[in-house]
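Visitor: Produce the entire structure from the sequences given, and follow the hints as far as they go.
Protein chains in written order, with this note's numbering: chain A, 1 to 582; chain B, 583 to 967.
Bear in mind the hints are in silico, worked out from the structure with no lab data behind them.
Where a beta carbon is used, it is the ideal one built from N, C-alpha and C, also for glycine.
Warning: the hint list may mix true and false statements.
[What the hints assert, rightly or not] Reference listing, derived: stretches of chain A covered by chain B, where coverage requires no fewer than 3 residues with Cβ under 8 angstroms from a Cβ of chain B: (1) 293-302; (2) 322-334; (3) 352-359; (4) 373-387; (5) 464-473; (6) 534-544.
[Unchecked claim] Label-pair ranges, simulated between beta-carbon atoms: (7) A:G146 x B:T765: 35 to 41 angstroms; (8) A:V137 x B:V647: 47 to 53 angstroms; (9) B:V647 x A:M76: 52 to 58 angstroms; (10) A:L69 x B:T671: 48 to 54 angstroms; (11) B:A869 x A:L492: 57 to 63 angstroms; (12) A:Y323 x B:T671: 41 to 47 angstroms; (13) A:S485 x B:E715: 36 to 42 angstroms; (14) A:L144 x B:Q883: 38 to 44 angstroms.
[Claimed, not checked] Some chain B residues flagged as far from chain A (calculated, every beta-carbon gap over 12 angstroms): (15) I786; (16) C822; (17) G834.
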Amino acid sequence: MSNEANAGTLAHEWRSRFPTVNYLNADYGWKSWLLTKDHKRIALLYLASITFFFMIGGAYAAAIRLELLTPQGDLMQSATYNKVFTHHGIMMVFFFLIPSIPATLGNFLVPMMIGAKDLAFPRINLLSWYIYMLGGVITFAALLFGGVDTGWTFYVPYSTNFSNTYVVLAGLGIFVNGFSSILTGLNFIVTTHTMRAPGMTWFRLPLFIWSMYATSLIFILGTPVIAITVLLVAVERLAHVGIFDPALGGDPVLFQHMFWFYSHPAVYIMILPAMGVISELIATHARKPIFGYSFVAFSSLAIAIFGFLVWGHHLFVSSQSVYAGMIFSLISFVVAIPSAVKVFNWTATLYKASISYDAPMLYAFAFIGLFTIGGLTGVMLAALGFDVHVTDTYFVVAHFHYIMVGGAMMGYLGGLHNWWPKMTGRMYPEGWARFAALVVFVGFNLTFFPQFLLGYMGMPRRYHVYPTDQPLWQVLHVMSTGGASILGIGLLIPGIYFIWSMRYGRFAPANPWPATGLEWRTPSPPPTENFPVTPVVTWEAYEFRPVEEMAVIGPGTPDEPIGGQHPLNPGGDGGIAVNREP
Amino acid sequence: MSLIQGIPIPKVSVPFSPEQASTFAPHVDALYLYLLLITISFTTIIMVLLIFFAIKYRRRSPDEVPRPRHGSMVLEVTWTVIPLMIAMTIFVWGASTYFKAYRAPHNAMEVYVVGKQWMWKFQHQTGQREINELHVPLGARVKLTMTTEDVIHSLYFPAFRIKQDVVPGRYTQLWFEATKAGTYPIFCAEYCGTNHSGMGGHVIVMEPAAYQEWLAGGAGSESAASQGQKLFQERGCSSCHQVDPGGQQGRGPTLYGLFGKQQAIDGDGQVTVDEAYIRESILNPQAKIALGFQPIMPTFQGQVSEEQILQLIAYIRSLGAAQGGAGAGGGTPGGTTAGPTTGGVTPASQRSNPLAPTSPRQGSPQPQLPASPRGGGQANANRVR
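Guide: The structure is reproduced here in structure tokens:
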């Protein structure tokens, strides 16, 4: 590899900084990114766009919290506020939480973790990103043209017969976006079934793969339902066919059944990948196999399956039959058990482990604690008599934010930190990362814990103004907004240092932590084909091997040692390149 | 101690909660306390373990690799079965609380509720109408029959710990028994458009004497049933439907004594003549044809509002509603001692005992009436609604 011919070009600069040709510098130009078939590049495309939509959703969140500082509606009109919380929900649910881990970490890691060169359908993978962007652009256009004010839940008959906002356009964006999920799920399932490396049996798979597999099942089985539901809302709104309109013989509660038939499994789409990440983070940073591997693996499947059977717990006060309510309540308790099993297994893994305090581990700790609170408040909500009082109040808002932000987002951040070295070849600054994790944790709890109290005291959700004769309510809201400010700052910090690290971060070795897992047996960043030779797996999941057996797979040249000091081999130069013939 | 479930529940109150103003509220608070204890216990156990392990087993040297432990069937079974059993206790308690709350007792004082963007309209059987405020007597069982004129709303009484959506095209019900006099907030709890957060008000629970004074203050307002009677005549219903017993059968079924009975319909089976059936018959008469009659009733969709339908229902249920004193066969004006404003029901009898049963069912048990300064023993005279 001669550098003289490229002296002075950007290519030269890149190549001279990274010891190898990798997927980032293998090709240049916008076409090589926008027409790529490389799952790793597609993951980065998703990372950029998901971050963009997250910031939009976050801006709307800031507006909500600012308005709720005072009981009066003094920052904006009610009609505007109703759009603001709707946009916050739509952006966060459909364009951040649902795709976040599957489309970034999933796309990047699924092939690598199983020892494959790419996903089963690379072009469909790229297509799914374009569909996501199309859906995002359409929805964003709806927001810019004037917005939508139905709530992210689009309940009829308000959304079909009464709202004067861009319901159909926003619905179209969500409809389109759904296909991105479906294609991603399809890709992951086929890849997991057909492209595992020799020796990579199902029970040697990292638990992240099990979670992604279960998530993908929900993607392909559940997402078509929301697509049809949104389509029917549009048809009803435009043509007044009478599906949901009682004056024409329709049933408004049917919408709720259809909507929640998808949207409840959707929340498992949001949490299962994060649970998979946590399994990886704990195994890596506590250096132990996850306790109860098969129980954790099967619990992912159990959550996915049972998650389709509980949607009626969103309809307890909707005029749903009392008996149906009892059945849904019962099954909702059952679906909580696999999640509890996971939490116990993660905790047991930490017993007599070797725990580091690196940022990914801090996020994993935050996840376990906050997910436990969020999950148990979900169990509280499954209790019928209790739910009647707190449904549609801030108690529910607090519950789902504990799971989605305290759970899913912490998992996402922890995963980004854990695999950042692999994805970019750079280390993030550990000190700042730990500080940011702490700020995020404190800010998050200060934002959402007061909302449990507000909810039980009777404050309904989606309220622009609240009573002035309840001074404690304003106190809690002020605390919540203060917490949101801290949370916002805590989230900005990684935004800054991640970008900083791409230019100034310390170069990362192939296996910085070190961790088990095939993705760590390639250089950081990996070459486009992931593994120059197909690995043959002869070890169990999370088996920490002797150093010489954890070498980088594939050829390397002696004058380009891969990586730095290997902690498990202090005398050597870590990740020794070994020529392995198949 | 509240014995609403038959199991004595200690009257507990939890911090950060609304006042307990109904018989149901202590049950919900007790359940909440149980849920809190379980949540806090498990959370504390997990967090303590996490912190303890994180400190005790922190990495001490960079190349240490601990001994792997792969699992334990005993532990897995234990921590699956025990949480499942605890979850089942929560289910049973929660479900039984819910079940009792949703079964309105027969002998409850009825109030009709119509939600609309963006207000709550209440109508008492005696005719008083209120907007965004509901006056109820202390210790009375109050049953709300509710619907909406437009979108889905949800009527929420935090102090009573009850909530129910109102859905267009159908009736939903809610009931409570207030235990503490005072003024408590009510909210709309289902997002319904621009002024969703302004769609609230108060429920005012009054001592029975004060409540009767309040009712008396509304002298001159017609009862819901007499308003319904007016509509019945104005809209031409009486041209096809007889309201008196005996007499010639009209083109449509006789309505005397029909409420609450089973009606055979053309096609299959039977239907109970309740509020929902009457509403459907008015708005969509072709849906169910009474056996033996022609499908010739026109629809009144768009010609009657939800409130008017409720008034018609009040009238129909007062027809032939059993024996006793004033108000029998409510279709006969002048059959009472009261003035022309009262129509088929005496406000005097109604006001003297607001706890009069509302169901015309034969043989329904005498209500358990709390002592009231007036008319406490007028049970017979007030059986009719």
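Visitor: Hint by hint, where does the structure go against what was stated? Just the numbers, ascending.
Guide: 10 and 12
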